[in-house]
Structures are given as structure tokens and as C-alpha cells.
Amino acid sequence: MTIQQIIGIEQTDIEDLFEPSDYLRLYNRATRARLRPNQLPPGAGIVDRITKARGAAFVERHEVADLLLHDRLKAVTKLRAATLANFEALFTLINATRPDVRT
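If you're matching positions, the sequence shown starts at 1 in full-length UniProt numbering and goes up one per residue.
Treat the hints loosely; a few may be bogus.
Label-pair ranges, simulated between beta-carbon atoms [stated by the list, open to error]:
| hint | residue 1 | residue 2 | range |
| --- | --- | --- | --- |
| 1 | 76 | 13 | 14 to 22 Å |
| 2 | 59 | 36 | 17 to 25 Å |
| 3 | 78 | 13 | 15 to 23 Å |
| 4 | 39 | 59 | 27 to 35 Å |
| 5 | 44 | 80 | 36 to 44 Å |
It is worth saying that the hints were derived from the structure and are not from the lab. Fair warning: this is a prediction, and the values are worked out from it, not measured in the lab. Note that CB positions come from ideal geometry on N, CA and C, so glycine has one too.
Given only the sequences and the hints, what does the whole structure look like? Please build it.
Following this line, the structure appears as C-alpha cells:
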């Protein structure tokens, strides 16, 4: 089971389940950055694109995860349908590995 199975892009990370604009919004809130989508270079993975735009290593994964944990109701209500569909597909794949779980 890989993220690639869900979004169809090689070299992906868990962050790529988010639509780029969704992840960038969360990233900006968590890190107080001010990156805009048009500042990101083309590419497949959002982490790689942010890294290239900033010109520095991406070390803020935990900050975005912390934001999602502590402010999840506000964060989740603003997620796009495509992001939610990607996460639904992930959990469908996970549940398919368990014969005792029905989807």
C-alpha cells in the first residue's frame, strides 16, 4: 500500500494526500510563513516544492501535524473535497487489509 496508489504520482509523501493549496494553507498557519501557490515551483510533491521555494530543508512536518491535532475542527472544515477523497481512499485501502473491517 502506497500513497502513489491513491494519487498516482511517484515519489510522494503523506503530505501529498492534501491538495497543494490545502497543505500550503496549513503550512502557512503552522509556521507563520506567507508562501502563495504561485511561488511554488512545478513538481510532484508538496514538500519538495516548498523546500525549493524556501531554499532550505523542510523540517516543519511536526508543526503542521501539531496544528491538525490541536485545531482539527477548524482545519478539517476548510479542506477541499479532493483532499478528503484522498484520505478516504487511504482508509479504504487500510481497511481492505483487515478482513474483520467492512467498508
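If I claimed the Cβ atoms of residue 59 and residue 36 lie 17 to 25 Å apart, would that claim hold in this structure? This hint holds: roughly 21 Å between Cβ atoms.
Falls inside 36 to 44 Å, the C-beta gap from residue 44 to residue 80? violated, 18 Å
Does the beta carbon distance between residue 76 and residue 13 stay inside 14 to 22 Å, or does it fall outside? holds, 20 Å
Using the beta carbons of residue 39 and residue 59, state whether their distance is inside 27 to 35 Å or not. With Cβ atoms ~19 Å apart, the hint is violated.
Taking 15 to 23 Å as the hint, is the beta-carbon distance of residue 78 and residue 13 inside that range? holds, 21 Å
Hint check: violations occur at hints 4, 5; the rest are consistent with the structure.
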